[in-house]
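Undergrad: Now for the letters of each chain:
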Amino acid sequence: MLDIPTYDVLIVGGGLAGLRAAIAAVSTDPTVSVAMVSKVYPMRSHTVSAEGGAAAVLREPDSFESHAFDTVKGSDYLADQDVVEVFVREAPLEILQLEHWGCPWSREPDGTISVRPFGGMTTWRTVFAADKSGFHMLHTIFQTSLQYPQIHRYDEFFVTSLIAEEGRCQGVIGFDMRSGAVQSIPAKSVVLATGGNGRIFAFTTNGSICTGDGMALAYRAGVGLKDMEFIQFHPTGMPSTGILITEAVRGEGGYLFNAEGERFCSRYVPSKMELGPRDIISRAMTTEFEAGRGFTGPYGNYMHLDVRHLGQEVIDRKLPFMRELGLEYMGIDIVKDPIPVRPVEHYMMGGVDADINGATPMPGLYAAGECSNVGFNGANRLGSNSLPECLVFGAAAGRAATRYAREQTPPTANPIAGLVRDEERRIRTNYLERSAGGDRVGVIREDLQRAMDRNVGVFRTEEGLQEMAAELPKLRERLNRAQLDDRSQAFNTELVQALELECMLDCADTMVASALARQESRGAHARRDFPERDDERYLAHTMAYQQPGGPPRLEYRPVRITTFQPKARTY
Amino acid sequence: MAAPKTITLSVSRFDPERDEEPRLQSYDVPFHDDWVVLDALNWIKTHADGSVNYRWSCRMGICGSCGMNVNRQPKLGCSAFLRDYLPGPIVVEPLNNFPVLRDLIIDMDSFMEKLRWVKPWIIREETALSAGEHRQTPAQIEQFRQFSMCINCMLCYSACPVIPIEPSFVGPAAIALARRYDLDSRDRAGEERLRTITGNDAVWDCSFVGECSAVCPKDVDPAKAIQQTKFESTMGMLLPWGGTK
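So the protein lines, in turn, are chains A and B. Be aware that the first sequence starts at 1, since it is given in my numbering, and climbs by one per residue. Be aware that the second sequence starts at 1, since it is given in my numbering, and climbs by one per residue.
One should not assume that every hint holds.
[As the list claims (entries may be wrong)] No more than 16 Å apart at the CA atoms, straight line, and that leaves these computed lysine to aspartate or glutamate pairs for EDC-like:
(1) B:K218 to A:D447
(2) B:K5 to B:D28
(3) A:K336 to A:D355
(4) B:K218 to A:E328
(5) B:K230 to B:E191
(6) B:K5 to B:D84
(7) A:K474 to A:D447
(8) B:K218 to A:D316
[Said to hold, decoys possible] The following label-pair restraints were derived from C-beta to C-beta distances:
(9) B:G199 to A:G297: 55 to 63 Å
(10) B:G190 to A:D422: 50 to 58 Å
(11) A:R317 to B:R188: 24 to 32 Å
Rather than coming from a laboratory, the hints here were simulated on the basis of the structure. From the three backbone atoms N, C-alpha and C, an ideal C-beta is built for every residue, glycine too.
Sequences and hints are given; from them, build the entire structure.
TA: Structure follows, in structure tokens:
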């Protein structure tokens, strides 16, 4: 027996997917013990920055088939359609569940839940809480979770590896950031819900915590990362900071203008205009910049996003946070001024290989939310599909992990104690006791971010991707020689940054290798040298597996098509 | 070309493994006009001293991580613009009224316990999802909307004059969130939550200085929540029909 607490279900990550999994675990079995492990307090999780809303079919004349088709077409036919079909049916129930838990969804005068239009959606189906949807959803579900004594939180605990013994996942190893003490948290099942990895790029909407930790944990344990070449660039980021200007600005009727005063979307997505899918609008903006039709500012080219015609009343009711952000960070009032915007890295479609229940190929290991790939988003996620994805598949993973845990014997003591000693030694010798005079971690990270911006952006080429592939081992070598200024145990965030950078480099390896191998353009993966979609060769998921000392090994897996046969994706 | 502008940040440093007391350490930071204190700290950590520790994530005033004292005023580091503190120096310290774990990082576990204590969740008989949504009009949302905007940044606890005297005082943000649920038309807690926040360590400890509302970066106005709760509990005592919904 172990003399340390062990749990039935351990969840890594306290954002929307992780918290939904935790509550689903308790609902599945009230006797369950759940560990909620996060490197931040849960309400700091990046869900908090989501703005626009959550898509779900709430009422006539909308239909499940319509939401499913929009999602599949938006994915450029790379979504697994059986997964999409389950999602569209579950999403409305999850929206109602959040409502029952107190989420302040915006309402119609009669008290019913409001919906707004969103990119790539053929009808109004995006539920919202003004333009702080993610903030309200996260705080609602976190506060709701506080009533369950079965959920034991480990706040500010950084997980460094999975315990994968006897062919199954049996918990995690990491350290409490306050003390720096490495320890294990054994559990019968583990759910990864660690979010995205946008900080691999310099210009991103993502918060500093989005470093791909969960993806790297699974990858190192032998689980494949799926579709990692598909990285979403959101059309409307603040040119200086990358702070997100929500797609709801266009949903509510905002226009995009180039420097010649043209609504240039008419050339690219004439039937949808500003409400085209994100991949296409981001390419349209980039193409316009290259044609010399963008505005030019201190941070490069940008376009104007204009909501002045909506009037102050609508802006203050539906987009108050956008007005606040404009005033605060750009010194503009969006009631009176157009908003400068440019495409910005936003979301990782790829992630840990998982099935419709969040189960990975490793017994006992589950994944949900942005860190996972359950086959739902394909080559391009539609805006407002990711918040309900966290709910639907977070809940599914929580239920499945609980059922699995019920069948398992407790984790065993002997190997775990040894693993903790090994991990403690690895961290100490690699970082805390190293005396070589290498670069600072922050400098290496910045170089990675800039190189990724340059080479793995909206449009890709063989040359750029090869350059990045050559750069990654050098960055890793520099990290191996990095010099930490901070040798203390207590709250050493420089050590955390170093370990996060290891995760970012692992993710970047798979992103670049997967992008190089996919010699076609599909969804968010646009190759200048292969501008057409090639269903003959690439109507398939890319699977990337870690290999010692080299680039990842790639495999392809067929897409599951049930209802919608692939056809040309025009809007 | 103009010489690059620099500003001096004096950052509070404390390492429990080495220091008895916090000390200030100065850094000269080259900066852009649109930089905030958080940008300056990030520059220091990347280019000057990797051992400076602070919390941050979203850098857009919504995650609530980067509360700190900037020239003795509680601020979000991501919305305190360097240009407002020229010519400097800027003194950056941890928030008041919390134990310091390291440099600018406070121990806020006490708040996490206080938050749970006020039961910040909907209390009512569970209804089936198949029954659909509870209707709630825009006017009903308006009743509690302001109090639902709290980002748990702890600025109000740092400004509160009661907390240093009564550390067990549940405090402004937790009371605002209790009020948020009390005013939600879907909630049926009635006396259950109200009794908690009108009992010991709660609203009656507040001396109504209003500092909490003055420093709130999201205009939550916790002082209003406290006053409303006091009023409601008084009405509940005085009037047989009064007070709670």
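Undergrad: All the hints need checking, so say for each whether the structure fits it.
TA: Now for the hints, and whether the structure bears them out:
1. B:K218 to A:D447: 35 Å, violated
2. B:K5 to B:D28: 10 Å, holds
3. A:K336 to A:D355: The hint is violated at about 48 Å.
4. B:K218 to A:E328: 12 Å, holds
5. B:K230 to B:E191: Measuring from Cα to Cα gives roughly 13 Å; hence the hint holds.
6. B:K5 to B:D84: Satisfied, since the Cα-Cα distance of roughly 14 Å is no more than 16 Å.
7. A:K474 to A:D447: 11 Å, holds
8. B:K218 to A:D316: With a Cα-Cα distance of about 15 Å, the restraint between K218 (chain B) and D316 (chain A) holds, given a limit of 16 Å.
9. B:G199 to A:G297: 55 to 63 Å: 56 Å, holds
10. B:G190 to A:D422: 50 to 58 Å: 55 Å, holds
11. A:R317 to B:R188: 24 to 32 Å: Holds: the Cβ-Cβ distance is about 28 Å, inside 24 to 32 Å.
Violated hints, listed in ascending order, are 1 and 3; each of the other numbered hints is respected by the structure.
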